[in-house]
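Engineer: Given chain A, put chain B in place with the hints provided.
Top to bottom, those sequences are chains A and B.
According to our numbering, numbering within the first sequence proceeds without interruption in unit steps and concludes at 156.
According to our numbering, numbering within the second sequence proceeds without interruption in unit steps and concludes at 117.
Warning: the hint list may mix true and false statements.
What the hints assert, rightly or not - In silico BS3-like pairs for lysine-lysine, Cα to Cα no more than 27 Å straight-line:
(1) K70/B / K104/B
(2) K104/B / K106/A
(3) K60/A / K104/B
(4) K70/B / K60/B
(5) K104/B / K95/A
(6) K104/B / K104/A
(7) K81/A / K51/B
Keep in mind that the hints were calculated from the coordinates and are not lab data.
Remember, it's a predicted structure, so these values are computed and weren't measured experimentally.
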Amino acid sequence: GAVVSQHPSWVICKSGTSVKIECRSLDFQATTMFWYRQFPKQSLMLMATSNEGSKATYEQGVEKDKFLINHASLTLSTLTVTSAHPEDSSFYICSAEGQRVDTEAFFGQGTRLTVV
Amino acid sequence: AQSVTQLGSHVSVSEGALVLLRCNYSSSVPPYLFWYVQYPNQGLQLLLKYTSAATLVKGINGFEAEFKKSETSFHLTKPSAHMSDAAEYFCAVSDLSSSASKIIFGSGTRLSIRP
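The following block holds chain A by itself, in its conformation from the complex (with noise of 0.2 Å):
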């Protein structure tokens, strides 16, 4: 199958500074990208839906100020959690979809973030 990889896999930083995770589709395509947090024994909820080229769309409740995100290219999503607190730790993974109509969605091996 198709192969994402986000970067880094796990990250600490401190309260106050920005974090970007980058989600790369490393042999297609991706024209959306879908970024889910997920807290610990938890489901992954989904934050918001990136189409290349255009302002990624966020589910309720999801600050966009907070978690920036960019789609510049078809093969990069970036998503910085600005001004981090410890609230903001969880496990974040990305997932990329290609151009068929019925392409199944890729996911990344996700990216630990504690903010310490």
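Structural biologist: Below, chain B alone, put in the same frame as chain A:
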């Protein structure tokens, strides 16, 4: 709106025993259904998916699931559990009739395997 409900947050079976993880869905349009597996601190791996073809879907690692419209169910089974099957399993639903569709996940079921 679409949703999935996974019955049982934790299932424990003996090695070699039948694995049954339950999932019921709700969808106003013909659904696409998925089962994903997640190992600790890792992303998701697709086990199998139903996209309106055969109702019995075979996936990787010996897993299969049957789509039952009358019961709005998509339960995951494996005839004989292996220690390596211990993981978190997520049932998910999507409407892939559009070019890019959200996948809605269930709450997950943690599968433990007893020696």
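Engineer: Next step is simple, just say for each hint if it's right about the structure.
Structural biologist: Hint check:
Under the criterion of a C-alpha separation no larger than 27 Å, the hint pairing K70/B with K104/B is consistent with the structure, at around 22 Å. This hinted pair checks out: K104/B and K106/A have alpha carbons roughly 21 Å apart, not beyond 27 Å. With a C-alpha separation of about 23 Å, the suggested pairing of K60/A with K104/B holds against the 27 Å cut-off. At roughly 15 Å between alpha-carbon atoms, K70/B and K60/B fall within 27 Å of each other, so this suggested pair holds.
Distance check on the hinted pair: K104/B and K95/A sit about 16 Å apart at the alpha-carbon level, within 27 Å; holds. Of the supplied pair hints, the one linking K104/B and K104/A holds, its CA atoms being roughly 18 Å apart against a limit of 27 Å. The hinted pair formed by K81/A and K51/B meets the criterion: a straight-line CA distance of about 23 Å does not exceed 27 Å.
In summary, this structure violates none of the numbered hints.
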